[in-house]
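The UniProt record's numbering applies: residue 1 is where the sequence shown begins, and numbers increase by one.
Calculated from the structure, these hints are not laboratory results. Just so it is clear, CB atoms sit at the ideal spot from N, CA and C, and this is done for glycine as well. What you were told as hints is all true, and nothing was included just to trick you.
The calculated label-pair distances, taken between Cβ atoms and stated as ranges, are:
1) D27 to K264: 18 to 28 Å
2) Y179 to R272: 46 to 56 Å
3) P93 to H3: 51 to 61 Å
4) M12 to D202: 16 to 26 Å
5) A203 to R169: 31 to 41 Å
Here are the simulated DSS-like pairs of lysine-lysine, each with C-alpha atoms no more than 27 Å apart in a straight line:
6) K222 to K247
7) K271 to K223
8) K223 to K11
9) K247 to K271
10) K221 to K20
11) K222 to K11
12) K20 to K223
13) K271 to K222
14) K264 to K221
15) K102 to K271
16) K20 to K34
17) K20 to K42
18) K144 to K122
19) K222 to K20
20) K247 to K102
21) K264 to K223
22) K122 to K264
23) K144 to K34
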Amino acid sequence: MQHSDTEIELKMLMEAIYMKYSYDFRDYTGASQKRRVLHALKEMECDSISALQARIIHQPAAFSQLLQYLTIPVTSMFRDPGYFAGLREHVVPVLRTYPSLKIWVAGCSTGEEVYSMAILLKEEGLLDRSMIYATDINPQSLDKARQGVFPLEAMREYTENYQAAGGARSFSEYYTAAYNAALFDRSLCDNVTFADHSLATDAVFAETHLISCRNVMIYFKKKLQERAFGLFHESLCHRGFLGLGSKESIDFSAYAPCFEPVLKRERLFRKR
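Based on the sequences and whatever the hints tell you, model everything.
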């Protein structure tokens, strides 16, 4: 099978990133990866993917810059409100039965999902006994998540999502507005640990009751999806819950028999 020059260069770039920085993008889907790299070429003023490769090998700062394009965060608070409504109705009653909880938000990006989860747990009286692990491969995204500062103009959309997800209070109670930004209540993160973790290369680090990994797997090829499902299966406690993104499914995975649907449309599953 003949590969195009671009495909060869892309493959070599991903190999170089893995060898030099231990970030493994080799099993990410080709189309979105290619789109992101070509966008980075323009922004970073490189003539070719090979030139970009040479730069990132010799300049760690250039790799940090490229990482922002390879892991473009597309996220919002209470995204797909039906998912959070489903958590409230079907998962929370089970979580209540545990004396303490561990929750893993995998691929947390800039933190919108983490704050949404913390707000939901707070309203259900579970935040104080929960430990939330929020992980991502992008250190800049994690820093942003730690700060808990989001654009004020997004609050209207987030408020609508929150209400549609069954929010019990006035959403504005959770943040302070200043300088076109919304700073979220620091206490929401008292029990959150933000950590660098890759689903491609790292191992399981905790036994968890709920894993929420949404809109991450769509960027993975089959082999990497299987690795991630393996990690989730290993990490979840007996009868733990797994939440996926709206375009993701476990149906065609080797791990499908290990999970049963709780809410199929909302992509909520439970370990058998």
